[in-house]
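Asker: Listed below, chain by chain, are the residues.
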Amino acid sequence: MIAIADSSAFAAGPRQPASAAPRRRRHAAVLPGFGTSAAITSLVVLSLVVFPLAVLVLRAASLGPAGFFEAAWTPRSRAAYAVSLSASVVAAVASSLLGLLVAWVLARIEFPGRRLLDALVDVPLALPTAVAGLVYSAIYVKKGWLGQWLVPLGIQGAYSYLGIVLVLVFVSLPFAIRVVQPVIESLDRDTEEAARILGASRTQTFLRVVLPAILPAVVTGFALSLARALGEYGSVVFISGNMPFKTEIAPVLIVARLEEFAYAEATAIAVVLLGMSIALLVVVNALQQRLARNAQ
Amino acid sequence: MSIHVREITKSFGSYRALDSVSLDVPDGTLLALLGPSGSGKTTLLRIIAGLEFPDEGLIEEDGEDITERHARQREVGFVFQHYALFRHMSVFENIAFGLRVRKTPNDEVRRRVEELLHLVRLEGLGGRKPSQLSGGQRQRVALARALAIRPKILLLDEPFGALDAKVRVELRQWLRRLHDEIGMTSVFVTHDQEEAFELADRVVVMNHGKIEQNGTPDDVFDHPATPFVMDFLGNVNVYHGRVENGRAFWHGIPIDYPEYPHAQAREARVYLRPHELELSPPTAVANRLGTSLPASVLRVSRAGAITRVACQPHGSDQELHVDIPTETARHLQINLEPGAHVAITPRRARVFIPGPEYVI
Amino acid sequence: MPAKPTTTASSTPLSVALVAAAVGVVGLLIVVPLASVFYEAFARGTKAWWEALAHDPDTRHAIWLSLTVAPVAVAINTVFGVAAAWLVARFRFPGRSLLISFFDVPFSVSPVVAGLALVLIFGRQGLLGPTLAWLDWKIIFSWPGLVLATTFVTLPLVVRELIPVMESIGPEEEMAAVSLGASGWQVFWHVTLPNIRWALLHGIVLANARAMGEFGAVYVVSGHIAGATDTMPLRVEKLFQEYRQPASMAVASVLAGLALITLVAKFVIERRLEAESRELEAARSLADSLDHNNVEGAVA
Numbered sequence: 001m002i003a004i005a006d007s008s009a010f011a012a013g014p015r016q017p018a019s020a021a022p023r024r025r026r027h028a029a030v031l032p033g034f035g036t037s038a039a040i041t042s043l044v045v046l047s048l049v050v051f052p053l054a055v056l057v058l059r060a061a062s063l064g065p066a067g068f069f070e071a072a073w074t075p076r077s078r079a080a081y082a083v084s085l086s087a088s089v090v091a092a093v094a095s096s097l098l099g100l101l102v103a104w105v106l107a108r109i110e111f112p113g114r115r116l117l118d119a120l121v122d123v124p125l126a127l128p129t130a131v132a133g134l135v136y137s138a139i140y141v142k143k144g145w146l147g148q149w150l151v152p153l154g155i156q157g158a159y160s161y162l163g164i165v166l167v168l169v170f171v172s173l174p175f176a177i178r179v180v181q182p183v184i185e186s187l188d189r190d191t192e193e194a195a196r197i198l199g200a201s202r203t204q205t206f207l208r209v210v211l212p213a214i215l216p217a218v219v220t221g222f223a224l225s226l227a228r229a230l231g232e233y234g235s236v237v238f239i240s241g242n243m244p245f246k247t248e249i250a251p252v253l254i255v256a257r258l259e260e261f262a263y264a265e266a267t268a269i270a271v272v273l274l275g276m277s278i279a280l281l282v283v284v285n286a287l288q289q290r291l292a293r294n295a296q
Numbered sequence: 297m298s299i300h301v302r303e304i305t306k307s308f309g310s311y312r313a314l315d316s317v318s319l320d321v322p323d324g325t326l327l328a329l330l331g332p333s334g335s336g337k338t339t340l341l342r343i344i345a346g347l348e349f350p351d352e353g354l355i356e357e358d359g360e361d362i363t364e365r366h367a368r369q370r371e372v373g374f375v376f377q378h379y380a381l382f383r384h385m386s387v388f389e390n391i392a393f394g395l396r397v398r399k400t401p402n403d404e405v406r407r408r409v410e411e412l413l414h415l416v417r418l419e420g421l422g423g424r425k426p427s428q429l430s431g432g433q434r435q436r437v438a439l440a441r442a443l444a445i446r447p448k449i450l451l452l453d454e455p456f457g458a459l460d461a462k463v464r465v466e467l468r469q470w471l472r473r474l475h476d477e478i479g480m481t482s483v484f485v486t487h488d489q490e491e492a493f494e495l496a497d498r499v500v501v502m503n504h505g506k507i508e509q510n511g512t513p514d515d516v517f518d519h520p521a522t523p524f525v526m527d528f529l530g531n532v533n534v535y536h537g538r539v540e541n542g543r544a545f546w547h548g549i550p551i552d553y554p555e556y557p558h559a560q561a562r563e564a565r566v567y568l569r570p571h572e573l574e575l576s577p578p579t580a581v582a583n584r585l586g587t588s589l590p591a592s593v594l595r596v597s598r599a600g601a602i603t604r605v606a607c608q609p610h611g612s613d614q615e616l617h618v619d620i621p622t623e624t625a626r627h628l629q630i631n632l633e634p635g636a637h638v639a640i641t642p643r644r645a646r647v648f649i650p651g652p653e654y655v656i
Numbered sequence: 657m658p659a660k661p662t663t664t665a666s667s668t669p670l671s672v673a674l675v676a677a678a679v680g681v682v683g684l685l686i687v688v689p690l691a692s693v694f695y696e697a698f699a700r701g702t703k704a705w706w707e708a709l710a711h712d713p714d715t716r717h718a719i720w721l722s723l724t725v726a727p728v729a730v731a732i733n734t735v736f737g738v739a740a741a742w743l744v745a746r747f748r749f750p751g752r753s754l755l756i757s758f759f760d761v762p763f764s765v766s767p768v769v770a771g772l773a774l775v776l777i778f779g780r781q782g783l784l785g786p787t788l789a790w791l792d793w794k795i796i797f798s799w800p801g802l803v804l805a806t807t808f809v810t811l812p813l814v815v816r817e818l819i820p821v822m823e824s825i826g827p828e829e830e831m832a833a834v835s836l837g838a839s840g841w842q843v844f845w846h847v848t849l850p851n852i853r854w855a856l857l858h859g860i861v862l863a864n865a866r867a868m869g870e871f872g873a874v875y876v877v878s879g880h881i882a883g884a885t886d887t888m889p890l891r892v893e894k895l896f897q898e899y900r901q902p903a904s905m906a907v908a909s910v911l912a913g914l915a916l917i918t919l920v921a922k923f924v925i926e927r928r929l930e931a932e933s934r935e936l937e938a939a940r941s942l943a944d945s946l947d948h949n950n951v952e953g954a955v956a
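Protein chains in written order, with our numbering: chain Y, 1 to 296; chain D, 297 to 656; chain F, 657 to 956.
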C-alpha cells in the first residue's frame with residue numbers, strides 16, 4: 001500500500017481560541033485634516049455659492065409664477081434672450097470651426113513660431129474682458145485699424161450684432177481649441193495611413209477616419225464655448241452699443257434694471273439666465289465625462 | 297514584540313476583505329502572508345499598521361490593545377509596495393523624516409541616518425533624490441526610512457513585487473540576512489510562494505479573506521490543510537476517487553486513508569504532485585499488483601533540470617502531469633516520446649473529502 | 657500648452673495654406689487687438705501715458721484698489737482651494753460629487769448674475785441689509801463687496817488645478833508620513849505642499865489674472881463710484897463712457913501688460929510641471945534598466 005501524507009476534510013481555517021470580545025466600531029480616518037478641510041470648504045461653498053444663488057432663486061420665486069413670468073418675459077427681455085442666445089450660438093459655432101482649424105495646425109504641423117502661436121491662444125484667458133471690449137470697439141469703428149476698410153464695405157464691427165459675435169468668439173476661442181487639441185494629438189496616425197494605403201484621398205480620410213474620432217471633442221468644445229459666451233458681459237458692453245431690442249444682451253438688461261432699482265425684473269431675468277447656464281453646465285459635464293472615458 | 301490579531305473583519309462596501317481572521321505573530325518571527333490577489337493579505341497588513349481600521353475584532357501588541365490607536369502612534373515600520381518615497385526630499389531627508397518629526401537633535405539624526413545608510417549599503421547616496429535611484433535602491437531607502445524610528449515591528453507590502461527577477465532574488469536573500477542580524481518581528485505580504493518559502497519562518501496562506509493554513513514552509517507544503525493550499529502551492533493533479541474502509545481509490549490504485557474507516561463509500565478528491573509520481577516501463581507485474589497506472593506519453597518538455605511529461609492514463613480522458621529529474625529520465629529504460637507506453641506510480645498522494653458535513 | 661508634435665511636413669501646399677489660415681485667425685482675433693492696445697496707449701508718447709495713469713487721482717485709486725482687492729481674493733481662494741482639494745482628493749464621503757459640481761458653478765454663471773445675488777444679500781434692501789445697516793458695515797458699494805464678488809468668480813481656479821494633481825500623485829507618500837509619526841500639519845507642509853507647488857502656483861497665477869480683470873460681478877457690486885469703488889477694469893469703462901479714449905487705453909495697457917506677464921509666468925510654470933512629470937517617467941525607466949545591468953555590488 002502506498003503511504004500518504006495527511007489529508008483532512010475541507011477546513012475553514014485553523015480554529016483559534018476565542019479570547020477577548022470583538023466589537024464593532026466606526027472608522028477613524030487615517031489621513032489627517034478631514035475636519036479642518038471640510039469646515040473650510042463647506043463654509044466657503046455654502047456662504048459664497050449656495051447661499052447667494054439660493055437667495056436669488058428664492059427671491060425670484062417669491063414673485064409667484066404669474067409675477068415671475070411677467071417680470072421675466074417682457075418684450076425687451078425676450079429680445080435680450082434672443083440676442084444673447086443667438087449671438088452665443090453663432091459665436092460658439094464660429095469658435096468651434098476656427099478652433100478646429102487652429103488646433104489641427106498646432107497639433108499636426110511643425111512650423112517656425114509654432115510655440116508662439118500656441119502661447120498666443122491663451123491670451124483671451126488672461127486678458128480682462130473690458131480690455132478686449134475696449135480694443136475691439138476701437139478697431140472696428142470707422143477710424144479703427146480694421147474699420148477703416150470694413151465700414152466702407154458695409155461691415156459694421158462696432159456697435160452692432162456682428163461686434164457682439166466677434167468679441168464672443170474672442171473670449172471662447174481658447175476653450176474650443178484646448179479641448180480639441182489634445183484629442184488630435186493623441187489620434188492614432190496608423191488608421192489614417194491605412195486609409196490612404198487603401199486608396200482614400202486626403203479629404204475622404206479626413207471626413208471618414210479623422211472627423212468621427214474628434215467629433216466628440218469638437219462638440220464638447222462647442223458646448224464650452226457656448227457656456228462661456230452666454231455669460232459674457234465685460235467685453236460686450238463696450239462693443240455692442242447696448243441698444244435695447246437690437247444689441248442688448250441679457251446681462252446688460254439685468255444691470256439696466258438694477259440701476260433703475262427694478263429688483264424684481266432684474267432678479268427674474270437673472271434666474272432665467274442662471275437656468276440656462278446650469279442646464280448648459282450639466283450638458284458640458286456629461287460631455288466632458290464621455291470624452292474622458294473615450295480617452296481611456 | 298508579538299502581535300495578536302483576533303477575529304478581524306473588514307469590508308469595503310459590500311466586498312468582504314477579511315472574515316473573522318485571527319493570527320499570532322510571535323516575537324522575532326519573519327512571517328509571510330501568502331495568497332492570491334483579493335485574499336485580504338494586504339488589508340490585514342494595513343490593519344496591523346493602522347492604515348486601515350477593522351470593522352470588528354481587535355489587535356494586541358505584547359498584550360496591549362492597540363485597535364483604536366492611530367497609525368502614527370503604533371511604532372510600526374511600514375514599507376509600501378511602490379516605496380512611497382518623498383519625491384522632493386533627498387535620500388538622507390527621506391530616512392531622517394521619522395526622526396525629524398520626533399524633534400530628534402541634528403547630530404543624532406545624522407548619526408542614525410549614516411548608520412542606516414551603511415546598513416542598507418547605500419553609503420554616499422544620501423544626497424540623491426529618489427528619481428535618481430534604481431528600483432532596488434529605492435526599496436532599500438524605503439526600508440531604511442522605516443527602520444529609522446526603531447519600530448517594534450516591520451511590515452512590508454509586496455516589497456519586491458515591482459522589481460526585476462534578478463534583483464528580487466538578491467534583495468530577498470539580503471532581507472533574510474538583515475532579519476537574522478536585527479531580529480525584529482516582521483510580517484510581509486507576497487503572492488510569490490517561492491519568496492514566502494525562501495524568506496519566512498512561518499507562512500500564512502490566505503484566500504478570500506480567510507486564513508487557510510498557518511505553519512512553517514515545510515508544514516504548509518508537505519501537509520497542506522486544505523485543497524486550496526495544496527493547489528496554490530506548487531503544481532498539482534486533481535482526480536476524482538472514492539474512499540471506503542480506510543482506503544482511498546484512485547483509478548483502482550489503493551491509497552491508505554485511515555481517517556475514513558467507514559464501510560460506506562464516499563466521493564473524494566485525490567491530489568497528486570507531479571514530482572511525487574514515478575515513471576517506469578510498463579510491466580505486466582506492476583499492473584497486476586495494482587500499484588501503478590498504465591498510460592501513454594502525450595508530450596515531453598524539458599525545463600532545465602526537470603523534464604515534464606504529460607501523460608494520458610489508459611481509460612481516462614484527463615491528462616496527468618509528471619515531473620521527473622532530467623537525469624532520471626535519461627536512465628529510464630523508456631524512450632520518452634509521444635505515444636510511448638509507461639507505468640505511473642504515485643509515491644505520495646493527498647486525499648480531501650468534499651462536503652461540509654463531514655468532520656474528522 | 658506646448659505639445660510634442662506628432663506632426664509631419666510643413667512644406668506641402670495644403671500645410672502652408674492651413675498654417676496661413678490659422679495664423680490669420682489668431683492674428684486677426686488676438687494679435688491685432690492686443691497690439692492695438694499698446695499702440696493706442698503709447699500713441700501720444702510715454703509721458704502722456706504716464707500722466708494719464710499717475711496724475712488722475714481716480715485712476716490712481718483704481719489701480720490701488722485693484723492691487724488690494726485681487727490679492728486678497730486670490731489668498732482666500734488659495735486657502736479654499738487647498739482645503740477643498742485635500743478634502744475631495746483624499747477622502748470619500750456622501751455628497752462628494754455634488755460638492756465637486758458646486759466648484760464649477762462660478763465658471764458657468766454669468767458674473768452679473770453673481771453680482772446680483774450678492775447684492776440681494778448684502779445690499780441695503782437685501783437679506784442682511786438691515787443687519788448690516790445696524791452694524792454700520794458696508795459691503796456692497798465698498799471694498800468688502802468687491803472682494804466677495806472677485807472671490808466668487810475666481811473660486812474654481814485653484815481647486816480645479818489641485819484636484820487632478822493630488823489624485824494622480826496618490827496618498828501613498830502622505831500615508832508613509834503618517835506611519836512615520838507625522839502630524840497633520842507636518843504631513844501637509846513637508847510632503848503634500850512640495851508635491852503640489854507648481855500646480856498651486858499655476859492656479860494662483862490664473863486666479864490673479866482673472867481677479868484683476870473681473871468686470872461684470874464687480875460692476876454690479878461696486879455701485880461704480882469713481883474714486884471709491886472703481887477697480888481698473890471699471891475705470892477703463894468709465895473713461896470710455898466719458899469719451900476719454902487715450903486715458904482709457906492707458907489703463908487698459910497696464911492690464912494688458914499684466915496679462916502678458918501672467919502668460920509668461922503660466923508658460924514657465926507649465927514647462928516646470930511637464931519637466932517634473934517627464935523626469936519621473938525617465939527615472940522610472942532608467943531605474944528598470946539599472947536593475948538589469950547593475951549587479952548591485954552593494955548587496956553583499
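It cannot be assumed that every hint is accurate.
As the list claims (entries may be wrong) - Think about it this way: if two alpha-carbon atoms lie no more than 30 Å apart in a straight line, the pair counts; the simulated DSS-like pairs of lysine-lysine are:
id, chain 1, residue 1, chain 2, residue 2
1, D, Lys399, D, Lys425
2, D, Lys448, D, Lys425
3, D, Lys425, D, Lys506
4, D, Lys425, F, Lys922
5, Y, Lys142, Y, Lys246
6, D, Lys462, D, Lys399
7, Y, Lys143, F, Lys703
8, D, Lys462, D, Lys425
9, Y, Lys142, F, Lys703
For the record, the hints were derived by calculation from the structure and aren't laboratory data.
Asker: If a hint holds in the structure, say so; if it does not, say that too.
Answerer: For each hint, the structure was consulted:
At roughly 23 Å between alpha-carbon atoms, Lys399(D) and Lys425(D) fall within 30 Å of each other, so this suggested pair holds. Proposed proximity of Lys448(D) and Lys425(D) is supported: the alpha carbons are some 28 Å apart, at most 30 Å. Between Lys425(D) and Lys506(D), the direct Cα distance comes to roughly 40 Å. Violation of the 30 Å bound is thereby established for this hinted pair. For the hint linking Lys425(D) to Lys922(F), the alpha-carbon distance of about 26 Å falls within 30 Å, and the restraint holds.
Our distance criterion of 30 Å between C-alpha atoms is met by Lys142(Y) and Lys246(Y), whose separation comes to about 20 Å. Of the supplied pair hints, the one linking Lys462(D) and Lys399(D) is violated, its CA atoms being roughly 39 Å apart against a limit of 30 Å. Only pairs whose Cα atoms come within 30 Å are accepted, and Lys143(Y) paired with Lys703(F) is accepted, the gap being roughly 24 Å. Distance hint between Lys462(D) and Lys425(D) is fulfilled; the C-alpha atoms sit about 24 Å from each other, no more than 30 Å.
For the given pair, Lys142(Y) sits about 28 Å from Lys703(F) by alpha-carbon distance, which is consistent with the 30 Å threshold.
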